[in-house]
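S.K.: Below, each chain spelled out in residue letters.
Protein chains: 2
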Amino acid sequence: MSRKVYVAGAAHTPFIGKFHPDFIWKKHPDFGKRENPTLEDYVHRAALGALEDAGADPNQVDKAYVGNFVGELFSNQGHLGAVLAAAHPGLQGVPTMRVEGACASGALAVSAGVDAIRAGADLVLVVGAEVQTTENAKVGADYLARAAHYRTQRAIDPFTFPALFARRMRAYSEAFGLEPAELAKVVVNAYGNANKNPNAHMRTVRMSLENASEASDKNPCFLSNEELQPFMKVSDCSQVSDGGSAIVLASKEGLEKLGRGGGQTVEVIACAQATGPITGPEDLTRMEITKLAADRAYAQAGVGPKDVQVAEVHDCFAVAQLLAVEALGFADGPGGARKLIAEDAMAIGGRIPVNTGGGLMAFGHPVGATGVKQIGELYRQLLGKCGDYQVPGEPTLALAQNMGGDDRTAVVTVLRRG
Amino acid sequence: MSRKVYVAGAAHTPFIGKFHPDFIWKKHPDFGKRENPTLEDYVHRAALGALEDAGADPNQVDKAYVGNFVGELFSNQGHLGAVLAAAHPGLQGVPTMRVEGACASGALAVSAGVDAIRAGADLVLVVGAEVQTTENAKVGADYLARAAHYRTQRAIDPFTFPALFARRMRAYSEAFGLEPAELAKVVVNAYGNANKNPNAHMRTVRMSLENASEASDKNPCFLSNEELQPFMKVSDCSQVSDGGSAIVLASKEGLEKLGRGGGQTVEVIACAQATGPITGPEDLTRMEITKLAADRAYAQAGVGPKDVQVAEVHDCFAVAQLLAVEALGFADGPGGARKLIAEDAMAIGGRIPVNTGGGLMAFGHPVGATGVKQIGELYRQLLGKCGDYQVPGEPTLALAQNMGGDDRTAVVTVLRRG
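Chains A and B are the protein sequences, given in the same order. This note's numbering applies: residue -13 is where the first sequence begins, and numbers increase by one. This note's numbering applies: residue -13 is where the second sequence begins, and numbers increase by one.
These are computed hints drawn from the structure, not numbers from a lab. Heads up, some of the hints might be wrong.
[To be verified] Over 10 Å on every C-beta distance to chain A, these chain B residues come out as not near it, computed from the model:
1. 58
2. 100
3. 104
4. 105
5. 195
6. 199
7. 216
8. 248
9. 394
[To be verified] Using C-beta positions, here's what the derived DEER-type ranges look like:
10. B:18 <-> A:75: 53 to 59 Å
11. A:137 <-> B:18: 36 to 42 Å
12. B:290 <-> A:-12: 47 to 53 Å
13. A:120 <-> B:17: 54 to 60 Å
[Claimed, not checked] With a straight-line Cα cutoff of 20 Å, these simulated SDA-like cross-link-like pairs (lysine to any residue) come out:
14. A:277 <-> B:45
15. B:277 <-> B:319
16. A:-10 <-> B:295
17. B:13 <-> B:171
18. A:19 <-> A:35
19. A:124 <-> B:62
20. A:-10 <-> B:-12
21. A:277 <-> B:76
22. B:371 <-> B:0
23. A:371 <-> A:78
24. A:238 <-> A:43
25. B:277 <-> B:249
26. A:171 <-> A:324
27. B:-10 <-> A:-11
28. B:243 <-> B:5
29. A:292 <-> A:322
30. A:238 <-> B:106
31. A:292 <-> A:381
32. B:-10 <-> A:-12
33. B:277 <-> A:16
34. B:171 <-> B:328
35. B:124 <-> B:140
36. A:171 <-> A:38
37. A:277 <-> B:78
38. B:204 <-> B:5
39. B:277 <-> A:78
40. B:238 <-> A:-12
Backbone N, C-alpha and C define an ideal beta-carbon position, used for all residues, glycine too.
Excised from the complex, chain A in its bound form (with noise of 0.2 Å):
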């Protein structure tokens, strides 16, 4: 009934930070030399990355969406679809927005773009980009904490985010008996897939199984609040990362126009919002927003989670991919990713790969990218594009789920090979 849509293309730039080779700071010899790229830089080295892959002419775009959290705070910079529209003088006149939901504003652009398509667009560009470098780690988590009800959740601890989720982390131990070594295997697959990926925050970094269980001086237990303290180590977080990425999404119409009418290509099939108030959640052992919207995409798809062959979580901290995993269907309910755990089923010969480049703990979060970058990363998985991390056996349905807050704003997308 409603027009299809397709990715016909992708590109990510290396995201970057403290730990990345690249990453310039004050023991780095280009130290005073030269100086990080800048929010501006990824969003157009994003863009006209992905054009480039798409084999598409700038001029052809017909809308175009940027999904960011911050940049009017670490950037000084709002406004950014006229930022993207300074890209290349192809972009100028473009209708272009950005569109923001806290750490699901990658996958909010996405889902803007699925709609500017399905109402008529042929051929769309969404960018998602995030610069957080640029403060230290407690001022870049005061303005994180925008993406909570800052009034009433911004003073749990000075790491608003990490506090939260350790609070998930308690509630979570408490309910299902989840051991340090479990959760560190977590952790453990994370960097090992970053290793593989030339794009990862983390590529260089080695984490194994006895760092990532333990609190120590170099993976301390960091939080202010006491009680919360020892649910929350250094290894369990996401990276504050630099990056961008884009995606070029297409009617069939749009496809026809790159010359690309045949072979293979990925569908669209689903793509699935939820929106919770952003004072919650209640249940602190389950993501009942992220269900709604996972629900709601395997209703759109007509599929179910045992069809799903490649996924990406939201795994901002470590034990949100498990509740993102349950939340999904892919465990024998709440609890059940301790099993997934125990099968190694989310590494990348598992049952149920996810997060194959390293996730938002070890590829990098730069917050407005993540989930842009989802989609690009499971386009280059459904196409055997992912190197030395690609999942084997051809897959050709994949999932990604991308959230805001805690558990607020939830996106799904599932995409199929044709």
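We have chain A already, so just place chain B on it with the hints.
M.R.: The following block gives chain B in isolation, referenced to the frame of chain A:
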């Protein structure tokens, strides 16, 4: 071919700020006893007001959009989709996102809502809101400079945007010979309209032609940039306002769900956008991006400028109104606005009434609300609901122009009563 889109309801909160009798500041009798509404309050009140006006139950809403520019800065709050979801239990789970394009954020939210209907939704809630009075004017001006290219344009003046439009004013005066008294007539018309509008920020403030024509102690040229200083007085500026507006958009089926299948309708017959590079503009005497959006809107709607019977234009500064009506084709080419002023054509009884509720200069300009308010105002004009400032002659065709930055994002929307 594409699905038709209707406006089914609208509401504004009062727009308030300095000089509004309800605005709490140190000289207000309630100072210390109560506080001004928050961004959250405005989002909620506008949303529930529009749903009530449309006769819609919150759980009938398929999707929702929030237009806001810099909530992260003035209110420490992003993720406004989840803030809207907390307005009413019936809105929980509704897919909701925040949309941003500087001062065009409101119209971009409308535009995203129009696409959502065309893509298959039946009822869409669009909210715009901004709070700007939590900081002083200089800090606020710095925040708002994030609508320009901050890195290269911030330094033009502590008040970046007034300076950018002083530059426009100087160019316009040099090119077309505008006299101070002509510009003053535009300002006086805006205040006169606002004096008839119970929701207007300046509803109790009188503006005389004499006051608006000359700089004075009470109406200073306030820029620090000496070259530009003579070209911008306080009275030439829009207001720093807090407020919210919301509309309900519906498909044909959506109107039927509301029990409004028959009777008068207001259809969105065009909603067109254009975005220019953030580093522009090139020609200071024309709004080229607005013209591009207008050309697209007229083509979509199958009407021309002469068919428009009432308009809302983005008068962020008095000179912007002149440039806008020229770009929209209401005047005889560049410089033609002078003739419209001489003929009182833009007054409520004139040939092409503009900003009948007072516009950004006197109704006020809570940035993210403005583009939504424009559509709500035109909806009310087309249905004869504007009371003391109702346009005579039962207009059937109306146009809104909302702008982000210095003509960098433009959205032109055309409505028709049927």
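S.K.: Hint by hint, which ones does the structure fall short of?
M.R.: Failing hints, ascending: 1, 2, 3, 4, 9, 11, 12, 13, 16, 17, 18, 23, 25, 28, 33 and 36.
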